[in-house]
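4 protein chains.
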Amino acid sequence: MAGSTFGTLLSVTTWGESHGRGIGVVIDGCPAGLPLEENDIQIYLNRRKPGQSRFTTPRKEDDLVEIWSGVFEGKTTGTPISLMVRNTSQRSKDYSEIASYYRPGHADYTYDCKYGFRDYTGGGRSSGRETIGRVAAGAVAARILETLGITVTAYTRAIGPVEISYDRFDLSLMEQNAVNMPDAEAARQAEAHLDSCRAEQDSCGGIIECVIHGMPAGVGEPCFDKLNACLAKAVCSIGAVKGFEIGDGFAAAKSRGSENNDAFCTAENGTIAKKSNHAGGVLGGISDGSDIIFRAAFKPTPSISAEQQTVNRDGENITVSIHGRHDPIIVPRAVVVVECMAALTVLDLLMADMTSRMDRIQAFFRR
Amino acid sequence: MAGSTFGTLLSVTTWGESHGRGIGVVIDGCPAGLPLEENDIQIYLNRRKPGQSRFTTPRKEDDLVEIWSGVFEGKTTGTPISLMVRNTSQRSKDYSEIASYYRPGHADYTYDCKYGFRDYTGGGRSSGRETIGRVAAGAVAARILETLGITVTAYTRAIGPVEISYDRFDLSLMEQNAVNMPDAEAARQAEAHLDSCRAEQDSCGGIIECVIHGMPAGVGEPCFDKLNACLAKAVCSIGAVKGFEIGDGFAAAKSRGSENNDAFCTAENGTIAKKSNHAGGVLGGISDGSDIIFRAAFKPTPSISAEQQTVNRDGENITVSIHGRHDPIIVPRAVVVVECMAALTVLDLLMADMTSRMDRIQAFFRR
Amino acid sequence: MAGSTFGTLLSVTTWGESHGRGIGVVIDGCPAGLPLEENDIQIYLNRRKPGQSRFTTPRKEDDLVEIWSGVFEGKTTGTPISLMVRNTSQRSKDYSEIASYYRPGHADYTYDCKYGFRDYTGGGRSSGRETIGRVAAGAVAARILETLGITVTAYTRAIGPVEISYDRFDLSLMEQNAVNMPDAEAARQAEAHLDSCRAEQDSCGGIIECVIHGMPAGVGEPCFDKLNACLAKAVCSIGAVKGFEIGDGFAAAKSRGSENNDAFCTAENGTIAKKSNHAGGVLGGISDGSDIIFRAAFKPTPSISAEQQTVNRDGENITVSIHGRHDPIIVPRAVVVVECMAALTVLDLLMADMTSRMDRIQAFFRR
Amino acid sequence: MAGSTFGTLLSVTTWGESHGRGIGVVIDGCPAGLPLEENDIQIYLNRRKPGQSRFTTPRKEDDLVEIWSGVFEGKTTGTPISLMVRNTSQRSKDYSEIASYYRPGHADYTYDCKYGFRDYTGGGRSSGRETIGRVAAGAVAARILETLGITVTAYTRAIGPVEISYDRFDLSLMEQNAVNMPDAEAARQAEAHLDSCRAEQDSCGGIIECVIHGMPAGVGEPCFDKLNACLAKAVCSIGAVKGFEIGDGFAAAKSRGSENNDAFCTAENGTIAKKSNHAGGVLGGISDGSDIIFRAAFKPTPSISAEQQTVNRDGENITVSIHGRHDPIIVPRAVVVVECMAALTVLDLLMADMTSRMDRIQAFFRR
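First to last, the protein sequences are chains A, B, C and D. Take 46 as the starting number for the first sequence in our numbering and just add one per residue. Take 46 as the starting number for the second sequence in our numbering and just add one per residue. Take 46 as the starting number for the third sequence in our numbering and just add one per residue. Take 46 as the starting number for the fourth sequence in our numbering and just add one per residue.
Chain A on its own, in the form it takes in the complex (with noise of 0.2 Å):
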């Protein structure tokens, strides 16, 4: 309930702050017998890392994982999975002016308002690295999926005004490109678009688009805990994500039943298919088959160096201009994470789904 807890069957519980010893995740549920090693999660942890391109934070942290529970003789035992990283570059800079006022956009008047105080360190709990939690975790379930031939992909769709055009969509593009877009054009308009934010101290937002291929269909539980509600929450509980979309999403509002609506049809195969798919592959809230296609909107990174106004802690209405190891945009370095989200949540309703016919019970224990 205290928020840090994500997820019922297969349970993920993360800690730690920007500029504390370390980061970490406790992953309970896993089931037994997957071969797991460090370098299986450290190279999802790679891909968040700072530093990766010159719109990330040259802030040089190796991020190196280290597995304390769970693992036993390379297999997984069943029981919990302790992930850590340490943290190694928090610099012993002045925090004194920071913790005096509240920077726009950040969650320091929150904090306040909260708990009464707040760590003021690095942004503390709500730094982004509280998201290394999320992709060590993440890296496991997106293992445990393709072991059942379930791929997540997700991809910088847009940036500020530059978006992707599905005509140049070539996903081997991605990692080739400082921004994760998988289309060359788009990722040279959008680094030209970053590189004037920055000149002029300023940030900016983006979308990410994911897409989750080889469900089966049937998985997600009917009324409150549907698909794409608990894909909603997952993704919406990163920070600075401001929207959800599934589908045609918003765009279905303007649209009619005679176009929102996907034919069904009997593929060569035999199976049931569906001819479009502006459902995004939830029917009901629950999987029909066909990919997920899900959006999410990024704002703009609130630190900038441009001049703010702002209250100090003392209520004073100040000045300020926001200095440090920023990236002047979010996007690049979280398609990694929605990613995780998506596996974490998709894996748990995967896992709830085998008690929900009788037939399959029986036959299970029957084993």
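I should point out that these hints are in silico values taken from the structure, not numbers from a laboratory. One or more hints might be untrue.
Since copy identity is lost for identical chains, a pair holds within one copy or between any two.
[Stated by the list, open to error] When the alpha-carbon atoms are kept at most 25 Å apart in a straight line, the in silico DMTMM-like pairs for lysine to aspartate or glutamate are as follows:
id: 1; residue 1: Lys-120; residue 2: Asp-139
id: 2; residue 1: Lys-320; residue 2: Asp-359
id: 3; residue 1: Lys-320; residue 2: Glu-142
id: 4; residue 1: Lys-120; residue 2: Glu-142
id: 5; residue 1: Lys-138; residue 2: Glu-118
id: 6; residue 1: Lys-120; residue 2: Asp-157
id: 7; residue 1: Lys-320; residue 2: Glu-236
id: 8; residue 1: Lys-138; residue 2: Asp-247
id: 9; residue 1: Lys-120; residue 2: Glu-208
id: 10; residue 1: Lys-320; residue 2: Glu-111
id: 11; residue 1: Lys-94; residue 2: Glu-254
id: 12; residue 1: Lys-320; residue 2: Glu-254
id: 13; residue 1: Lys-138; residue 2: Glu-352
id: 14; residue 1: Lys-138; residue 2: Glu-236
id: 15; residue 1: Lys-320; residue 2: Asp-139
id: 16; residue 1: Lys-320; residue 2: Asp-215
id: 17; residue 1: Lys-138; residue 2: Asp-85
id: 18; residue 1: Lys-138; residue 2: Asp-359
id: 19; residue 1: Lys-320; residue 2: Glu-245
None of these values were measured; they are calculated from a predicted model.
We have chain A already, so just place chains B, C and D on it with the hints.
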């Protein structure tokens, strides 16, 4: 986990199908001593009742709520409140045809995939009537919030291409038109648009906006249970919702930090406020004392009488045309549902926040 | 969290007071496809019904169960099952006296402390009638377990000083005496003891024993959700239960390791078994394939007609004598309640265990 | 659901195996502003540390706790507190033999059944070292309770056949003997009994009693989350516990209503109290303001060096004799574990009770 329970401290469990004996909800964790009678709930249910306007199904249901437990001598006792509405208007029509195929845009196919079979009468559990339990429970939550000075107000913001204008915004108008729009001019246009949809045997989507006023700063839990994340799940769990955004939402993705950041300032009464509210009342997932403003995108009603292609349970491609008592738009009747889900969400987090500080806990028990 | 919901994957929410309109339960997470009709549940409810013997209250309640949702064409649909029993026998007697003071051994005082006031008619929510919801839900769980080859059987082991003897143990006798003892001789002694208690306007406690047969090895979660811990909570949540033990229980505290350890051995059919069962079927909180055996200690019925000292709501010391429809012993009618709580507990953990191994998950989804 | 998380508002997640890199716990929901340093926790851990007396394993572990997050400038921040103890004394002995068979009374067999294989070094997750996380978290809970005037005190009540006498009861003696008994004479007898057990290569069980003093009346939730039910689960989740009772417990089953009922009376200061405490401080599952008194039965240490029969993983019947660093009794070191589980349980329910009444909620937010 099976999806029919929502909330932790104030926990709501709904049950019932469209054409079963009734629809109900059990509210657990309602504080003791709240004056409550059936009419307090009925006024909310009347707002989602069919037959209210020419754009809602002529199905006549009185939808009279009955309190079966948890209220004694006019006050809540602190124990579970069981609320129930009997289904009275199920027509004994022949459902054998609808049972045989999968309606596009509906949950027929996914329920079959999940459960092996389905209640095909009137949509069963995936019917819009499922929201009766949400509204009945939300009415209780809204009453509690009111006593704390918090109001939750939703309205129709857009229907198809027609949006309200804030220049003409007048909340008192909302109940005076068939589309729940707080703008008489937009309402007229929207009604015309709906008439043309209906003439073409088609349906249409729309957007609901909701404002929560009076929230103290500091509510919401960090990390996974951010106030906006919990609202996102609550709202996206309503059938037909395809998108959620808070504050500037998807528009924030196109803006810059210098535009999107809200400057803090000290108000005349000495309290800290924000000069603008791009954030929508939430920073770092925690309420900042400003109004909380969010929007939900609804897809068009999937039941349309125009011809559609689909498959039957034998996998044969067929053409169908769905007749029956269906609204050409979901939005107007869903306004109160959005309001109720928001009230339930906010109250649960408000209660959780009571334990966030040692000094407040100590003062509480020193009473 | 407010206490009326039990279980995670199979989740049960009860509602209702002794003298309200009815008592009910919502079962969420019941797998689809289970044949279920009202009579399947009624036979369980009949076992706890008053008026069954001369030691149970002559209050006449038919306690007829009604299925309000979740069953379609004779089978469970996978959506919430709402079950209800109407209260029909509330005598419109004058409760003003009982409202004015705190009955010893009852929850009157504690409910007033917690909630500020209480439903004083017939015990309100703390009445024994609250168990109707547990039994109705447990009947469904027991049916599911049966299809998996698992049976749950409880019986009276002791009434006051009278214990059954395993030399005379015959389960078929249980239903043939007024005290649900599987031992005719002990039953006779127990009935005589109860007659003497009643003659002295007194009541008496007892012990219920429960055996779960057919449980596969490997069920139960390590650490906090051990099978025995979950059973302990389930059983101790029944009003009047003051103790729980599994296997040798408190006697194990007096024994030595060489006596208490159960030797493993290979049975004739090649499966691994234990030569004895001091553990009661659980090792490290996980089922070991032997019978699970536990006991619950019940206190005497607190309502006695002998004079007692207490205080009234004004804090004055008074003397009271409680008359009304009360059993001199709780145990015989509670046998089925214990059985049902055990069934709910075991089924929930059995379902949770489906996700404990990668190989089994992969096989499940490869179906 | 996977068993490593305990509590709802104050939620505790433990991780770690006996011979892994370390053991830890994440506490989520700890209120902000509690002064906390490592030594506050260390004094609790020292009480369960091995090597404290001649009846505890000579295994030398310093068990030094490290705070990794959630504390800033000496106070809790309200965000997750990550605590960790490194394993330093794992002997690199040959475990291949112990890996090959199932130790009687241990979880070897059941873990293999559940997970397909197990961490066989030192018991893995089912080791007694798992309780380090419980104690570290419980120390924090106990500190919070203290500030509210609530103390939790456990002690050894019985070792094998030796029970303490309340005529000689002196809590200050508890720390002065090797068995944590508050009775010098009983302690002498218990030590003699343990010496004889050890001489015979055997072990012995015992009983721990716990008293919670200062609890306000009204804490605990009706129905399934009764205070006693939650305590039962908490305590029975400790490895080796086979029974739980509150107040008169199993003795109540033999008593009569006239003996077992506690008369209410008005104390000199005008407050309502009970003349006796057979109930153990709980009526209807809710605290009544008296001391809460419960007991836990522990089985004998299963590891004994006497010869035992068992089977190996190939199913062959073999004879084994278990050598290693094992206590002949679990009880003395478990005293602090019981105390800590009680503190965690009571604090969680105390927090939950803050939302039970409208008037109190209104007063809280009117602050």
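These are the hints, each one checked on the structure:
In the homo-oligomer, the alpha carbons of Lys-120 and Asp-139 lie at most 25 Å apart only across protomers (20 Å), although the nearest pairing inside one protomer, at 44 Å, exceeds that limit. Taking the closest pair of Cα atoms, Lys-320 and Asp-359 come within 25 Å of each other only across two copies (18 Å); inside a single copy the shortest separation is 61 Å, beyond that limit. In this assembly of identical chains, Lys-320 and Glu-142 lie within 25 Å of each other by CA distance solely across copies; the values are 22 Å between and 59 Å within a copy. Proximity of Lys-120 and Glu-142 under a CA criterion of 25 Å is satisfied inter-copy only: 20 Å between copies versus 48 Å inside one chain copy.
Taking the shortest alpha-carbon separations for Lys-138 and Glu-118, only the inter-copy value of 16 Å comes in at or below 25 Å, while the best intra-copy value is 42 Å. Taking identical chains as interchangeable, the C-alpha atoms of Lys-120 and Asp-157 lie at most 25 Å apart only when they sit on different chains, with a minimum of 14 Å there against 43 Å within one chain. Within a single copy, Lys-320 and Glu-236 get their C-alpha atoms no closer than 36 Å, and across copies no closer than 31 Å, so neither meets the 25 Å cut-off. With identical chains, the CA atoms of Lys-138 and Asp-247 are at most 25 Å apart within one copy only, with a shortest distance of 23 Å there and 60 Å across copies.
Taking identical chains as interchangeable, the C-alpha atoms of Lys-120 and Glu-208 are never at most 25 Å apart, the minima being 42 Å within one chain and 46 Å between chains. Taking CA atoms no more than 25 Å apart as the test, Lys-320 paired with Glu-111 passes in neither setting, with 46 Å inside one copy and 43 Å between copies. With identical chains, the CA atoms of Lys-94 and Glu-254 are at most 25 Å apart within one copy only, with a shortest distance of 20 Å there and 37 Å across copies. Proximity of Lys-320 and Glu-254 under a CA criterion of 25 Å is satisfied intra-copy only: 21 Å inside one chain copy versus 32 Å between copies.
Taking CA atoms no more than 25 Å apart as the test, Lys-138 paired with Glu-352 passes inside one copy only; the shortest distance there is 21 Å, against 64 Å between copies. For a Cα distance limit of 25 Å, the shortest separation of Lys-138 from Glu-236 qualifies neither inside one copy, at 31 Å, nor across copies, at 58 Å. For the identical chains of this complex, Lys-320 and Asp-139 are neighbours neither inside a copy (60 Å) nor across copies (29 Å), given an alpha-carbon limit of 25 Å. In this homomeric assembly, Lys-320 and Asp-215 come within 25 Å of each other (Cα to Cα) only inside a single copy, at 23 Å, whereas the closest approach across copies is 43 Å.
Within a single copy, Lys-138 and Asp-85 get their C-alpha atoms no closer than 34 Å, and across copies no closer than 29 Å, so neither meets the 25 Å cut-off. Within a single copy, Lys-138 and Asp-359 get their C-alpha atoms as close as 23 Å, which meets the 25 Å cut-off; across copies the closest is 62 Å, which misses it. For the homomeric pair Lys-320 and Glu-245, the shortest alpha-carbon distance between copies (22 Å) is at most 25 Å, but the shortest distance inside one copy (46 Å) is not.
Consistency note: the structure conflicts with the earlier hints numbered 7, 9, 10, 14, 15 and 17.
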